[in-house]
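Start from the sequences and build out the full structure, keeping to the hints where you can.
Protein sequences, first through last, are from chains A and B. All the letters of the first sequence, read from the start, carry residue numbers 559 to 857 under my numbering. All the letters of the second sequence, read from the start, carry residue numbers 279 to 583 under my numbering.
It cannot be assumed that every hint is accurate.
[Claimed, not checked] Under the rule of at most 35 angstroms between Cα atoms (straight-line distance), these lysine-lysine pairs were calculated in the DSBU-like manner: (1) B:Lys470 <-> A:Lys574; (2) B:Lys391 <-> A:Lys583; (3) B:Lys575 <-> A:Lys675; (4) A:Lys674 <-> B:Lys519; (5) A:Lys583 <-> B:Lys470; (6) A:Lys675 <-> B:Lys295; (7) A:Lys752 <-> B:Lys384; (8) A:Lys583 <-> B:Lys384; (9) A:Lys583 <-> B:Lys575; (10) B:Lys470 <-> A:Lys566; (11) A:Lys562 <-> B:Lys470; (12) A:Lys675 <-> B:Lys470; (13) A:Lys583 <-> B:Lys519; (14) B:Lys384 <-> B:Lys519; (15) A:Lys800 <-> A:Lys632; (16) A:Lys574 <-> A:Lys562; (17) B:Lys391 <-> B:Lys575; (18) A:Lys674 <-> B:Lys575.
[Stated by the list, open to error] Here are a few chain A residues that sit away from chain B, every Cβ distance over 12 angstroms (derived from the structure): (19) Lys562; (20) Gln569; (21) Asn618; (22) Thr623; (23) Ser631; (24) Val651; (25) Ile681; (26) Arg721; (27) Met765; (28) Thr797; (29) Arg853.
Derived by calculation from the structure, the hints in this document are not laboratory data. Backbone N, C-alpha and C fix where the C-beta goes; we use that ideal spot for every residue, glycine too.
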Amino acid sequence: MSRKIMEKQSQLISEKDNIRTEQIKGHFFLGFSIAATFFGILSLAALLVYVFWDAAGWVNWHFLTSSPSRFASKAGIYPMLIGSSFVIMLVAVFSLPLGVSAAVYLEEYSPNNFFKKFIETNIANLAGVPSIVYGLLGLGFFVSFLDMSHGTILVGAFTLTLRILPVVIVSSQEAIRSVPDSQRRASFGLGTTKWQMIRSVVLPEAMPGIMTGTILSLASAMGETAPLIMIGAATSIFTAPKGILSSFSALPLQIFAWSDFPGEDFQHGVTPAAIVVLLLILIIMNSGAIFIRHRFSRK
Amino acid sequence: MDLQKHPFGSLKESGMKTVFLSSAAISIITTIGIVLVLLVETVSFFREVPLSDFFLGLNWSPTIKPTFFGVWPLISGTLYFTFITALIALPVGLLAAIFLSEYSGKRLRSVIKPALEILAGIPTVVYGYFALVYITPLLRMIIPGIKTFNVLSASIVVAIMIIPTVASISEDAIRAVPQSLRQAGLGLGVTKFQVTVTIVLPASLSGIMSSFILGISRAIGETMAVTIAAGNMSRLVNPFKPGEALLHPIQTMTAAMVEIGMSDVTGDSPAYRSLFAVGFTLFLMTLTLNVVSQMIKSRYREKYQ
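Next up, the structure:
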C-alpha cells in the first residue's frame with residue numbers, strides 16, 4: 559500500500575519537474591525572441607550613433623556647397639546633392655503619373671480576369687528583381703539600344719523609375735481600393751462618366767495614400783547605388799549637372815567612392831558626413847510621407 | 279444624357295482607358311525588356327566564350343588578360359555569403375515574428391514594427407560602410423585574424439537589412455493561424471511555448487518558408503554592402519574550411535558586376551557582355567526563388583480563409 563503511494567508521489571514529482579522544465583524552456587524561448595526582436599534595432603541604433611558621432615563637425619555649409627576633393631578638409635558633396643535631387647525629381651515626374659494610371663486601370667477598369675492576375679503577378683515579380691538587374695536593363699536598353707549617352711540624368715531617372723514603378727503601382731492600388739464604393743455610386747448617381755468619377759472622386763480621395771506610397775518609393779530610389787553604377791554614372795564628379803542630359807553623380811555613389819578611401823579624416827569624417835546628409839534627406843522624405851498619411855487619413 | 283450632349287465625351291472616355299491600360303502594360307514591357315536585354319547580350323557572349331568555359335571554369339578574371347570567364351568562383355561566393363546571411367537572418371527574423379505575434383502587447387508591437395521597417399529603409403551602400411568601418415574592427419577585437427574585407431561582417435549587415443522582410447511575412451503567416459488552435463492547445467494544459475512550437479509554427483510553416491525563401495532571394499541580389507565589405511577577390515570558396523571562408527574576402531556575382539561596371543570596358547568586348555551573362559544567372563536564380571515563395575504563400579492563404 560505504502561509502496562503504491564510512494565510510486566504515485568514520485569510520479570507526481572517527476573510530472574512537476576516536467577512542467578518545471580517546460581516552463582524554463584518557455585522562459586528561455588521568450589528571452590531569445592526578445593533578443594532577436596531587438597538585435598537588429600539595437601545594432602542599427604548603435605551604428606547610427608557611431609556615424610552621427612563621426613560626422614559631427616564635418617557636416618557644415620562648406621561641405622554642402624563644395625566639390626569633392628582629395629583633401630578631407632576641402633571635400634564637399636554639392637555636385638552629388640544636385641545630381642541626386644535632379645534625378646529624384648525626374649523619377650517623381652515619371653513614376654507618379656505612370657504608377658497612378660496603371661493602378662487606376664487595375665482597380666477601376668480591368669475586369670477581374672486572367673489578364674489582371676497576370677499583370678499583378680508580373681508586378682509582384684518585378685518588385686523582387688534585384689536592383690542591379692534594372693541597371694543592366696538601363697545599360698542594355700537606354701544606353702546600348704537607344705544609343706543615349708551613358709551616365710546622364712535622364713537615363714538614370716528612366717532606370718530608377720522602372721525600378722520603383724512596381725511599388726508605386728501596388729501602393730496606389732491600395733489607396734484606390736480604400737475609397738468606398740458608395741462614393742463611386744454617388745458620383746454615377748449624379749450622372750458623371752467613369753473618367754469624371756475617377757478624376758473628381760476617386761483620385762482626390764486616394765491622393766494622400768498615393769502620395770505616401772510614392773514618397774516612400776522615391777526615398778528608396780534616393781538610396782539606390784548599383785543601378786546607377788551599371789548605367790555608367792560617375793562615382794564622383796566635380797561640377798554639378800546643368801540639365802537632364804548632363805552626366806552626373808549621386809550621393810550614394812559618392813559614399814561608395816569614399817567608403818574605402820584611406821585616412822582617418824575620410825573614414826571617420828567625410829564619409830560619415832555624406833552618410834548623415836543622405837540619412838537626413840531620407841528622414842525628411844519619410845516624415846513627409848508619415849505626415850501626409852496622418853494628416854489626411856480617413857477616420 | 280451627359281454623353282449625348284458632348285459627342286466627344288465617349289471618345290475621351292475610351293481615350294483615358296487606353297492611357298491607363300498602356301501604363302499598366304509598361305510593367306509587362308519592362309519584364310520583356312529585362313529578359314530580352316539579358317538574353318540578347320548573353321547569347322552574343324556565348325558566341326565568343328564557350329558555355330563550358332562559363333559554367334565549368336574555376337577562374338573569373340574578365341578584364342585582365344589572359345581573361346577567364348568561369349562563373350563558379352562567383353556562384354560559390356554568392357551561395358556562401360547567402361548561406362551565412364541566412365544563418366543569421368532567418369532564425370532572428372522568425373523569432374522576432376513569434377515575439378511580435380505571440381508575446382508582445384498591441385502597444386509594444388505598434389512601436390517595434392515601424393522600428394523594424396527602418397532596418398530595411400537604410401540604403402545598402404550605408405550598410406556596406408557600417409560593415410567595413412565599424413563592424414570589421416569590432417570583430418577584429420574578438421577574431422584577430424579577420425581580414426579587412428570579409429564575408430562575416432557583410433553577412434551581419436545584410437542580415438540586419440533583411441530581418442524585416444522575414445519577420446513581417448512570417449508574422450502575417452503566424453497571425454493567420456486561427457486562435458481556436460491555440461486555445462485547444464492551452465486547454466490541454468500545455469505551456470505557451472509548447473503551443474507555439476508544436477501547434478502555431480507547424481500550422482504557419484508554409485508562410486514562414488515563403489518568408490525564408492524571399493529573404494534568401496534578397497541576400498542573393500544584394501549588391502552594395504557585399505561589394506564594399508566582402509571585397510572583390512574572386513576565389514572558389516571552400517565551405518568546409520569555415521575559418522578561411524568566413525574571414526577572408528570573396529566576390530559575389532553582384533560585386534563582380536559592379537567591378538566590371540566601374541572599369542572602362544567598352545560596349546563591344548566579352549567583358550561587357552559577361553556582365554549580362556552573370557546578370558542573367560542572377561536574374562534566373564532570384565526569379566525562381568520569388569516564384570516559389572509566391573506559390574507557397576498563396577497556398578497557405580487558401581488554407582485559412
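Consistency of the hints with the structure:
no. : hint                  : result
1   : B:Lys470 <-> A:Lys574 : holds, 17 angstroms
2   : B:Lys391 <-> A:Lys583 : holds, 26 angstroms
3   : B:Lys575 <-> A:Lys675 : holds, 15 angstroms
4   : A:Lys674 <-> B:Lys519 : violated, 50 angstroms
5   : A:Lys583 <-> B:Lys470 : holds, 10 angstroms
6   : A:Lys675 <-> B:Lys295 : holds, 18 angstroms
7   : A:Lys752 <-> B:Lys384 : violated, 41 angstroms
8   : A:Lys583 <-> B:Lys384 : holds, 24 angstroms
9   : A:Lys583 <-> B:Lys575 : holds, 30 angstroms
10  : B:Lys470 <-> A:Lys566 : holds, 27 angstroms
11  : A:Lys562 <-> B:Lys470 : holds, 33 angstroms
12  : A:Lys675 <-> B:Lys470 : violated, 40 angstroms
13  : A:Lys583 <-> B:Lys519 : holds, 33 angstroms
14  : B:Lys384 <-> B:Lys519 : violated, 45 angstroms
15  : A:Lys800 <-> A:Lys632 : holds, 23 angstroms
16  : A:Lys574 <-> A:Lys562 : holds, 18 angstroms
17  : B:Lys391 <-> B:Lys575 : holds, 21 angstroms
18  : A:Lys674 <-> B:Lys575 : holds, 19 angstroms
19  : Lys562                : holds, 25 angstroms
20  : Gln569                : holds, 16 angstroms
21  : Asn618                : holds, 20 angstroms
22  : Thr623                : holds, 23 angstroms
23  : Ser631                : holds, 19 angstroms
24  : Val651                : holds, 14 angstroms
25  : Ile681                : violated, 5 angstroms
26  : Arg721                : violated, 10 angstroms
27  : Met765                : holds, 17 angstroms
28  : Thr797                : holds, 20 angstroms
29  : Arg853                : holds, 17 angstroms
The structure is inconsistent with the numbered hints 4, 7, 12, 14, 25, 26, although it conforms to all the rest.
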